Amino acid sequence: MSGDYKFDTLSLHAGHVPDERHGSRAVPIHQTTSYVFKNTEHAAALYNQEFGGHLYTRISNPTVAVLEQRVAALEGGVAATATASGMAALSTALLVLCSQGDHIVSSSRMYGANINLLENTLIRFGITTSFIDPSDLAGIEKAIQPNTKLIFGEVIGNPGLDIMDVKAVGEIAAKAGVPLMLDCTFNTPWLLKPFELGANLIIHSLTKWIGGHGVAIGGAVVDGGNFDWGQNDKFPTIAGPHYAMDGINFYEEFGPAAFTAKFRAEGMYNFGPSLSPTNAFHILQGMETLPLRMQRHMDNTTKMLEFLCDHEAVDWVRHPNLADHPGHELAKRMMPRGAGSIIVFGLKGGRDAGRTFIESVELASHLANVGDAKTLVIHPASTTHSHISAEAMIEGGLSDDMIRLSVGLEDFDDIKADFEMGFQAAAKFAKTKD
Amino acid sequence: MKHQLIDTQIHIATGGRSFSNDGEALVLLHGSGQNHLTWVLQSRYFAYRGYQVLAPDFPGHGLSGGTPLESIEDMADWVIALLDSLDVKTARLVGHSQGCLVAIDATARYPERVSRLGLIAGALAIPVNDQLLTMSDEALGKAISVMTSWGHGPMGHMHDNTQPGHSFLGYGKRLMTSNHADALRNDLKACNNYSGGKASAAKIVQPALCILAGSDRMTPIKFGMAMADSLVNSERVIMNGAGHMLPAERPAEVNVALRHFLAS
Ligand SMILES: Cc1ncc(COP(=O)(O)O)c(C=O)c1O
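Listed in order, the protein sequences are those of chains G and U.
Residue numbers for the first sequence follow our numbering, beginning at 51 and rising by one.
Residue numbers for the second sequence follow our numbering, beginning at 995 and rising by one.
Be aware that a few hints might be false.
Calculated pairs, PhoX-like style, for lysine-lysine (alpha carbon to alpha carbon, straight line, at most 25 Å) [to be verified]:
| id | chain 1 | residue 1 | chain 2 | residue 2 |
| --- | --- | --- | --- | --- |
| 1 | U | K1136 | G | K217 |
| 2 | G | K382 | G | K353 |
| 3 | G | K243 | U | K1136 |
| 4 | G | K225 | G | K284 |
| 5 | U | K1083 | U | K1183 |
| 6 | G | K56 | U | K1136 |
| 7 | G | K225 | G | K243 |
| 8 | U | K996 | G | K284 |
| 9 | U | K1136 | U | K1183 |
| 10 | G | K398 | G | K353 |
| 11 | G | K217 | G | K192 |
| 12 | G | K353 | G | K466 |
The set of hints was computed from the structure by calculation and includes no laboratory data.
Keep in mind that this is a model prediction, so the values were computed, not measured.
For reference, chain U alone in the conformation it holds in the complex:
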């Protein structure tokens, strides 16, 4: 759906159903250089199972207008502003990668607004190497190719897709290319600059589910484990052999794990 937030028209995927704000929303937060399409196999699935799904494109991403936000804290404030503007009192936040940092920051600062956390292929800090930062600035296409390549595990590289006929790498690259040209650079810088993860996680008491990928080359699993360790009320599910792009690579397992957690 189209939505006016402050002075920007944004796009929010609602999984093919109209959104209603009675009850808790399920908010899906995409990662660096991604957009609502990260959640193509989650938004529809949950919307058709009674959840009020909001998978927004952050400004400058996907079909949203505006320019990319520059820090994780700004993104967290933006998510809360989005909830305010839709009259949503509390939400379950599910993040992927950078979306985990945003979810953790928002939960620590606005604890009354978040009831549960789903953290997929995340960590408490996502330092980005200088080479990739420079590439995202000077050779966007190359940065997108490299990230898409690193982002997928063995099944992704073998193009063995649950969606008949689809290519993980082809789709992954086109998805990232469709964003604002500054989106990836801004996101990577925001991740690299964010240092509040550890302190924020220490404040979080809400139940959290960490879904981690055994072959994650973007946020290696040991950092995901550390994230899970630092959340007092957390469970973890590990998907061996999967890469960073878990929502696309292992949609069925991710959806079942999340659904089970959300219903518990």
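Only chain G is shown next, with the shape it has when bound in the complex:
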């Protein structure tokens, strides 16, 4: 071969070559809890991370490893670790990075559970968060404290679709000597590879576009290997002696993969947020077609934006690819292939019209997921973001009438016809409002 394999090839192949004994072309499902050691020395060496390999599926598994290697390859990271869900990836990553008394600077425009974890749960463990508007660069810089350990945000916020300037925030993080960790669920590596712009750690919910078929929950933490954990004294459990393995210093021993080594040795080992091998297999099947699906998601999104913007039943539409979106220019620059296949909109007739629309559409499914191959709709204020306070909703730019649409891969004419039907059913509320 000449040069490195490209994205579409990696989506199909990265992480796996057929084994010599059986030659299985598809990735085998290693549905096992454990692995027979060759001898006691081999067992001890695996525990001591003297060489790679698998010892217990809570820590690693051959099928899961293929998925991890594929995600790492697509992101251009040094390593990835898969977890049972996107939330498992985020919560474990934060617990591996932060200790009591530490502080996080985070976007306020994010998925409800991301906000809840930071706002209500981690605070019980003495880890505090300052929330900022992700587009307010000065505000982000000002929020950094001496005990800040990371900056966190979503590139495309769920569901408000606020855009974070990865390069600019990356520079702020680098100046402060802390990593920039991003939830990249909505952008996927097909739309944006944030390590190239200075992000250091990536969180994925693999449940969404990467899996793409709505059959398995999963997550991943990807290590960019581009953060120097030894540059200051903020990360003593990475760049200093750790209780595991004779006081190992992950930074000296594993260099660019220090965070991953600690994530494996502490995160997977002690918290155990492991992904099942069968779910890894399902997600891998989805990943094979990620580039094809993303192209189609974006094509249908473009058509849907046109349709919604021109429709008389629609009160407002928000998407970063629309010229009136505050992050439009930034999104165009950062993600030339499009800013994701989530659209939010409101109907004339407000919340009631929205409810009727969601209940009337037949092809589009009303459910709590995004990034499925099928078109999905939901009302965030009463569901995914219902635990968020009214003030936080306003702060997050979320209105009561908002419908979140995840554009699927169906024939666009069929989605359009389905939506027409929904709009007609909701039309009575628009009239009452007038």
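Dock chain U with the ligand against the given chain G, drawing on the hints supplied.
What follows is chain U with the ligand alone, placed relative to chain G:
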């Protein structure tokens, strides 16, 4: 460990165990634009099997201070100075790529200090093409990408890693990027300028093990074979399908071969 050598603070990986100078040291010498992390799967492995491991970062590489050394001969002198400063009388030298040139030069000039040689993906001369030399000067990131790409065999490019979840190419690039900006250029020039390999090899009588990669695009195997041919007391192990970055791509096989050789 941190160590003061002449006027520079350097870093030496000891495989997670403290180093003791009673007995022979096992010194692992990294290649061009690399650092101690080349040996991530060797240093720990050997340290936990009773070897006194020293995997130094050459000046300007990895976690060592200072500026990169400019010739293979200077690097060989530096290795001997390092042994002196740690009161190590004799050592087993294991080199990867450029590290092989350093090991060969040091052994020829200081034969009493070296008992055995491990030469991984090496040659007696490592000429570097002009294009890569220029690139390392003018477009470091590109040079690193090209070398990482050439440096890995088919398994590396398929990201099929023995370390779960790891990417050879991603890790390889970050490792090289973490060095001093002059490190790669200096190393490539030093390799290109070194012409003493053949004469040095002719003087070496110590047992040597050459571990060579069948799909090596950086130091093609025919040059590795020539190296093995010119060492009177040498054995060779060939790993088919592997690329230049043997210590990362084939850690288990490399470690077993080396361990067997060191114990014989
Ligand atoms: C942006 C974002 N991050 C994280 C998550 C959590 O992922 P999971 O459901 O896989 O835990 C979601 C899922 O709804 C999400 O939309």
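Would you pick out the hints that fail for this structure and give their numbers low to high? Number 5 only.
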